[in-house]
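Novice: Those sequence lines, one after another, are chains A and B.
Following the working numbering, the numbering of the first sequence begins with 1 at its first residue and continues without gaps.
Following the working numbering, the numbering of the second sequence begins with 1001 at its first residue and continues without gaps.
Errors might be hidden in some of the hints.
[Claimed, not checked] In silico PhoX-like cross-links for lysine-lysine, where the CA-CA straight-line distance does not exceed 25 Å:
no.: 1; chain 1: A; residue 1: LYS221; chain 2: A; residue 2: LYS211
no.: 2; chain 1: B; residue 1: LYS1183; chain 2: A; residue 2: LYS318
no.: 3; chain 1: A; residue 1: LYS199; chain 2: B; residue 2: LYS1183
[Unchecked claim] What the simulated footprint calls covered on chain A by chain B, stretch by stretch (three residues with Cβ under 8 Å from a Cβ of chain B suffice, anywhere in the stretch; the number is not a length):
no.: 4; segment: 179–185
no.: 5; segment: 291–305
[Said to hold, decoys possible] Which chain B residues stay away from chain A? Per the calculated CB distances, all over 10 Å, these:
no.: 6; residue: ALA1037
no.: 7; residue: LEU1180
no.: 8; residue: LEU1185
Hint data in this document are derived by calculation from the structure and do not stem from the laboratory.
Just so you know, even glycine gets a beta-carbon here, dropped at the ideal spot from N, CA and C.
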Amino acid sequence: MENPAALLFVGVSHHTAPLAVRERLTLDGDRAAQLADRLRADPAIREFALLSTCNRTEIYAVAASPAAGVAAQQYLAEVSGCAPDDLGPLTVHRNDVAVIDHLFGVAAGLDSQIVGEAEILGQVKEAYHAALERNWTGPVLNRVFQKTFQTAKHIRTHTALGEGQISIATVAVDLAGKIFGSLEEISILVVGAGDIGLKTIQAFQSRGARKITVASRTLSKAEEAAAQAGGWAVSMSELPEILPSVDIVASSTSAPYAHITQNMVAYAMRRRPQRPLFLVDLALPRDIEPGAAEVADVYLYNLDDLARIAEDNLARRKAEVARGQTIVSQRSVALWPQVERQLGDKL
Amino acid sequence: MLARWLGAGQICAMNNLVPPDRALLWLGALFYLGGFAGGCLALFRRGETDNSRVTLNLLLAAGLVFQMAGLYLRGRAVGGCPLANKFEIVQFVAWSAMVLYFVVGPAFRISLLGLFAAGYAGCLATISLVIPAWDAGRGVRIFGNNPWIELHAALAVFSYGVFGLLSLTSLMHLLQAWNLRHKRLDGLFWFLPSVVQLDQINLRLLMAGVGLLTISVAVGAAWWLRDLHSVDLPKIAVTLAVWLVYLVTLVLRLQRRLVSVRFAWVCLVLFVLALVSLGPVNDSRHPAGTPAATR
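Chain B with its partners taken away, still in its complex shape (with noise of 0.2 Å):
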């Protein structure tokens, strides 16, 4: 079955004018954007219906299977996670993000969170490929052989996808909020689940990605203990104060210090803010082992 899916991203490959995990990454991408684009006719011209429901998640089903396929050629050529660079960063933010609402979307039952996560994947995916800077010294290994390393950028990084997710239910409620305080009650209203349902999403996956990001950090520091030399100061510092700032939020909402719109407001910038410090995250990285060719 992989090997089909690696074949399309060879022939989409177009003679190698594009790499193969590239051109499948790119189908991911478009699935996303298609999937986004469909959602939003479907919903303005008739409102969001089982059938319209259904399209949307078979192509983000396709997106995901063929980004996770151009994710694996790339891992494939390195030996571990693909994580190297900023590109790889920002696929597998968008990635995860995917991964969790078919994982936990369905739990929370909520409407429109497909199209939301639809948008946002495709369009972190489609800017993280139009941008050639951002896969410098792509085929790096980065980790050496040490799983443990690998095992922190990952959940590192995949508590980003959560965080991603938070930002999108956070932002579906700052919509609600807005639309009920000055009575628009057009538009995606009526599609939108309510406020109160918002929250208490909202607070389950700050939980989740705080108890995530907790266990990356906690694992990282414990191999930079042994080498105190092998990460930066920003790459700590960046690093820690994302995860300090997020544990922080999440005492004020549960002593509930921090609540409804105010809560959602800060969850929405934390994660810009802390989509922002990836850039010197990646930056103050060592690389370790030799560049390994991906094609």
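The following block holds chain A by itself, in its conformation from the complex (with noise of 0.2 Å):
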């Protein structure tokens, strides 16, 4: 009796290879088209689909045996310009059930190398789209990734895996979030110019903020970082004038000292009683004057209060990890059966 067709992985992720070699073995689109060139002309191998990213190089396929895996190592090596013996030791072999138990894990960001992100899961779908619209899939592989796509928003709906900002910008953009609702007429200061300053208005820009105003101490660092933005600049020496007028105010200078007093928010907040006032001080040493906190309505958060929150919201995502691989295992195990009838009939 014939061995039915197997269903394989060959990967090479962040977890194996640092990140000089996984630069390497990124497939854009010419180096991706020569690997399917190559799978499609190995007679072992009946469907393959290929994932890529900033993490992770994967190929999951259907095959005679599991001994295509190896041919499969054999042709990443080569479209990378990896030497064999290189790979080898860096390359993950998986079979049958330890494949859907991998994908689904990866698709629902088990194994991501920030765990619980959301882009993973729109990655595998590009790259089962992808293989799906150059038929490099079959009914297998169409199964496996229907499933996976279903595994992975169940677990994103049914455990904290997504929950909470890991990054100190969107920690903060997030909080604005639960004080003003809506980003978008929200008038946002971002004091400095600096790499800081400019993640800062990419992350509230990404929330639909639109009203953003830069100050620093050059005025043309400002006018070019608030040109960048779309917004308007304005030099340090207009803060109390302009401190009424905004929401939000985001400070990461360089300066020795604290720029954004007590007494300049409590003024500001007499001019404008009506609406909170949310602080982020980004700097160390700090912009803004901890007596700021006591202002009424005055929301004030510095580096401390943004990372021990991003460290608690990643601590919870592990800790719903093991939540979430108890799901993948239950659905492929569950899965598995359905497959293997499938891959018998292969032959």
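Put the two chains together into one complex; each comes in its own frame, and the hints tell you how they fit.
Specialist: Following this line, the structure appears as structure tokens:
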């Protein structure tokens, strides 16, 4: 009796390979096409899909036997220019139900470098659709990937794996949402036009913020950053005048003193009593006097506060990994008999 | 349909050990409390999901139907609005808050309002049921045949329902502001709306409540002027005081002199005082007509 076909996985990820190697293995358009040509030309391989992100390069395949995995690894080495001997120890091979288990975990963000990140599901979907369009996949992988998307969605809905932001800037944006709701009509003042200031602007803009003003000790830098953000530029000397008209202040200068004082904040709040003020101090030494938090309806968060929230969120996500993995195991075990039957029909 | 609900009340009445109207009101209270308990459980286990929200709304809708059926039986027995004693007034306040939640709540789209409304209505309804003294003089017809006085009373009590909901959103505002200020970002924090949204909702609810109470006071005043001895002084004083304090609060809020956390505190404290004021208001009312049996 002939052996049934096998479900294969061959991959390199952040768990096994350093960044320099992962860079070389990245499958851009040309490399992906070259690898696909080799895989299609191999008579043992019937179906396949390629997943390439900054953290992983993976081949999912249906082949006549598990031995085809070695050939797939060889093709990957060829198109990436890596020596097969170098790639060997970094490559992980899996077969059958372990492949489903792995793919479910990857799509759900359980295997990501930043646990619970949501982008990976979109990347897996893109990889599958690219394979589907080019007829690389067949009934087995189509079924496995469809179940993968359902499982990933189920895990995100039924666990806290994706909850809470884990970067300082996005934590600040989340908090702003809890103070103001929508950020579209919120006026944001970013003090400091350095790298942190620009990242903060991007984070707020990604949540719909439009009214952005940039202040910097060097007006030309403020104007440059404001032009990038589509906002306005002001000089630092204008801070006391502008403060009453803004809702959020995110400050990240390298000044050795606090340039936003408690008195300035108190004055600003007297002129805008109907709305809260959110102060985000991203600088060290601090840009905002801690006493500003004493003013009514002012919420002041500094670097330590934001870092603690990010750490708490990450810890909460990690605590959910076990729940996510249980769901993955249950669902992959439930799916495997159907896939096994399909693999038998393949011959 | 209503007959079926009333039939359920008859079954629950257990051979007249509990009057059917009270049995239905008990069922309403238990559904509210069940919704509250289930909502809390879902919140602590996973967070507010679409499924838990649907379950909560179904339980609250069932509670509302049972409560409405119980109040309907009482109203039918006296041929008017069931507002004869403290028990009925408190039941009506709980009912109106729940009606408002279903009618107005979706427009506000505030998460957790259903859970808070369930706890609030469930507690009010249960407390009124477990204190027998509040239901003394049941079945008394207090409005005579004057629909205007009945409208006055119904609007006044309904405005208390609005103020009740306002006290809930004020409580949510205070919780959220406290969480933000003390950087306690666990528990309910991520499920509560933003402080600015809650402040805007509070203002809208206050405007609605003051509007209803103003109409009620105007209708009552028009009839009182025709017969100055028809209402006791304590009732007039307390009613006007409640109306005036809420009106002043609204004016201060519109002038932006009372905002945010202080505004929420005032709304919360005022509602507690308004609830307490129901006692003297109720005690100083003159029953009109003869007692009517509800069984």
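Novice: Work down the list of hints and note, for each, if the structure agrees.
Specialist: Right, here's what the structure says about each hint:
no., hint, in the structure
1, A:LYS221 with A:LYS211, "18 Å, holds"
2, B:LYS1183 with A:LYS318, "22 Å, holds"
3, A:LYS199 with B:LYS1183, "23 Å, holds"
4, 179–185, "holds (count 3)"
5, 291–305, "holds (count 6)"
6, ALA1037, "21 Å, holds"
7, LEU1180, "5 Å, violated"
8, LEU1185, "6 Å, violated"
Figure legend: structure checked against the earlier numbered hints; hints not met, in rising order: 7 and 8.
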